[in-house]
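Undergrad: Heads up: the sequence shown at position 129 corresponds to 128 in numbering that gives the first Met the number 0, and the numbers run straight through without jumps.
Please keep in mind that the hints were generated in silico from the structure rather than gathered at the bench.
Backbone N, C-alpha and C fix where the C-beta goes; we use that ideal spot for every residue, glycine too.
Watch out, some of these pointers could steer you wrong.
As the list claims (entries may be wrong) - Listed next, with one range per pair, are the computed distances between beta-carbon atoms:
no., residue 1, residue 2, range
1, Gly192, Gly95, 57 to 67 Å
2, Thr203, Asp54, 44 to 54 Å
3, Gln114, Ala93, 35 to 45 Å
4, Glu111, His151, 33 to 43 Å
5, Asn169, Glu303, 13 to 23 Å
6, Thr203, Gly24, 42 to 52 Å
7, Gln300, Asp37, 32 to 42 Å
8, Gln255, Arg310, 18 to 28 Å
9, Thr203, Glu27, 40 to 50 Å
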Amino acid sequence: MARIYVAGHRGMVGGAILRRLLADGRDEPITRTHAELDLTDQAAVRDFMRAERPDAVILAAARVGGIHANNTYPADFIHDNLLIEANVIGQAHAAGVQRLLFLGSSCIYPREAPQPMAEDALLTGVLEPTNEPYAIAKIAGIKLCESFARQHGRDYRSVMPTNLYGPGDNFHPENSHVLPALIRRFHEAAREGREEVVIWGTGTPRREFLHVDDMAEASLFVMGLDRAAYAANTRPLLSHINVGTGEDISIAELAQMVAEVTGYQGRIAFDPTRPDGTPRKLMDVSRLAAMGWRARTGLRQGLEHTVRWFRQEIDSLRQ
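Just need the whole structure built from these sequences, with the hints factored in.
TA: What follows is the structure, given as structure tokens:
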């Protein structure tokens, strides 16, 4: 039985990966809370890796947030994420860990990248200004994995998910990503009988959304590929793999769908004075499809599941 350290197991993605590992029962997950192990502390991470000697590492830990959070705390986003990646990847190597999977983000691609965004769009243009510090940190994580693979022969891989949602998401009204923010806003508007909900931006940007359980499945699929199969679909300096659905939706259409799922029946308005972010972010997932994996959860099905989970969490906090 392989011992796999899941860094960030209390986050949405890490939690989904942990649930999947426990359900499969083939591996022994290793976890630490932030209170038990601060991943920005190099010495602490070094001591942990030396003591535990995991067979593999899944790096899902990161400081994350939506447009507002990225705009407000750019130093925190680049600083903390660089430290986490350098410490976990570097100390995994120092402890002799041969296998590692790094989870990045679709924001690594240029703002004006051709759509859908293929893996080879990386470093071909200017990044979206609202989340550039976070994106640079994630690009650094990819290059760390590639560099340890090239110089030391490590089997360190990277997957780049599109926008994720599902159980365990951050539903903060200001610091969350667009979909959980919409779910919370429409849920509260429906409960309070509001006549209007105002959405940031014009509603025209298009986004792709992947359910977190699908992301967990894809992550373990990519990690489980034999080395020859992974190498056949990647290159030493272009080794990351996109993970998504290959389909997108406008923010206006998304808002209408969330309103329907939450039962909100009032007006939906848009505030064009607020930033839209990147005009479109659709992943080219043909590389992963060629390897044999495709997403299974439709957006409406995933939204219904997520809204049920969110409401159960709200209800449990009231008890």
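Undergrad: Does each hint fit the structure? Answer for all of them.
TA: These are the hints, each one checked on the structure:
1. Gly192 x Gly95: 57 to 67 Å: At 60 Å between Cβs, range holds.
2. Thr203 x Asp54: 44 to 54 Å: holds, 47 Å
3. Gln114 x Ala93: 35 to 45 Å: For Ala93 against Gln114, whose Cβ atoms are near 40 Å apart, the range 35 to 45 Å holds.
4. Glu111 x His151: 33 to 43 Å: holds, 35 Å
5. Asn169 x Glu303: 13 to 23 Å: Roughly 20 Å apart at Cβ, these two residues keep to the hinted range, so it holds.
6. Thr203 x Gly24: 42 to 52 Å: For Gly24 against Thr203, whose Cβ atoms are near 46 Å apart, the range 42 to 52 Å holds.
7. Gln300 x Asp37: 32 to 42 Å: holds, 38 Å
8. Gln255 x Arg310: 18 to 28 Å: holds, 20 Å
9. Thr203 x Glu27: 40 to 50 Å: Cβ of Thr203 to Cβ of Glu27: about 47 Å, so the range 40 to 50 Å holds.
Hint check: no violations occur; every hint is consistent with the structure.
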